[in-house]
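Heads up: the protein sequence lines correspond to chains X and S, in order. Okay, so the first sequence: first residue is 1 according to the working numbering, each after it adds one. Okay, so the second sequence: first residue is 1001 according to the working numbering, each after it adds one.
Rather than coming from a laboratory, the hints here were simulated on the basis of the structure. Careful, some of the hints might be misleading.
Claimed, not checked - The list that follows gives simulated cross-link-like pairs (lysine-lysine, DSBU-like), each with its CA atoms no further than 30 Å apart:
# : chain 1 : residue 1 : chain 2 : residue 2
1 : X       : Lys22     : X       : Lys44
2 : X       : Lys41     : S       : Lys1107
3 : X       : Lys36     : S       : Lys1107
4 : X       : Lys41     : S       : Lys1042
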Amino acid sequence: DTAVSQTPKYLVTQMGNDKSIKCEQNLGHDTMYWYKQDSKKFLKIMFSYNNKELIINETVPNRFSPKSPDKAHLNLHINSLELGDSAVYFCASSQGTQETQYFGPGTRLLVL
Amino acid sequence: GESVGLHLPTLSVQEGDNSIINCAYSNSASDYFIWYKQESGKGPQFIIDIRSNMDKRQGQRVTVLLNKTVKHLSLQIAATQPGDSAVYFCAENMVPNSGNTPLVFGKGTRLSVIA
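Chain S with its partners taken away, still in its complex shape:
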């Protein structure tokens, strides 16, 4: 299940099940979105990205869905494996002609895979 509180939200899933990690972004002008995976003791690693002219993009075992109406982004991981255990961050970036705006990261969700 999923818990939200003072600590990092955590999602626990059984190995082999599908995982869905959600993210609400803040800026309706954002046009580029990225999902990163951060394993313990390592830096964030790019997983998949999507631009605002799309609502779905698929990679290997991962799918990102973008709902601009409600400013919602989700990451779906198929057949979750123990190696998927990590903290997942969504990040948003504003339109290119807005200047050098920084990438804004969400708070992160910890995914725990139960073997």
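So that you can see chain X by itself, here it is in the shape it has in the complex:
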């Protein structure tokens, strides 16, 4: 019955690898987001999709590619992982772009 879920919860990988993180929401929301939280707990938005369409793409390396197969899913694929990609990645969703966002539990990525 989790509202926003992410998999995997933990991801440990080598530099240069390609990995994906999945996100699903069962709230019926039309907007989904990916955030990156660094070691200082600073939360920064990366991407936002509204009805499967990309609406926000902050300054993020093009090694990061979001994909939204439907309104309930927003996946994040990362190519050629770098040490600096280590962080906690949060997915969130909202009904509309100006409303309260609900967050998933996070994916802890560690690049070695």
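Got chain X; can you put chain S on it based on the hints?
Chain S alone, transformed into the frame defined by chain X:
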């Protein structure tokens, strides 16, 4: 007390006391403000929100105050409990007709409750 430095600002309070967490926001055009609570190992959780046409809003044990003149937001927690220990974030959003602007999060304040 409260400390600010290179690390996350921390507020330590005795159990049962009231807590006040402050936030200065950056954009005078912001019209929607949210407080989130993030417990260790979890995602941010919505606590309370307020729109710019209000200066105070109350929830269960929490009150948000908005001072648009000085661009200041505060979260008051009454009778603080150990379960309130977490990092608290304020977030601001611009007026709806500005397009798809992202929610901007503040740096966060760690609340430590001393039993």
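The hints, checked one at a time:
1. Between Lys22 of chain X and Lys44 of chain X the CA atoms are separated by roughly 18 Å; this keeps the pair inside 30 Å, and the hint holds.
2. Under the criterion of a C-alpha separation no larger than 30 Å, the hint pairing Lys41 of chain X with Lys1107 of chain S is consistent with the structure, at around 7 Å.
3. The straight-line distance between the Cα atoms of Lys36 of chain X and Lys1107 of chain S is roughly 13 Å, inside the 30 Å bound, and the hint therefore holds.
4. With a C-alpha separation of about 12 Å, the suggested pairing of Lys41 of chain X with Lys1042 of chain S holds against the 30 Å cut-off.
Hint check: no violations occur; every hint is consistent with the structure.
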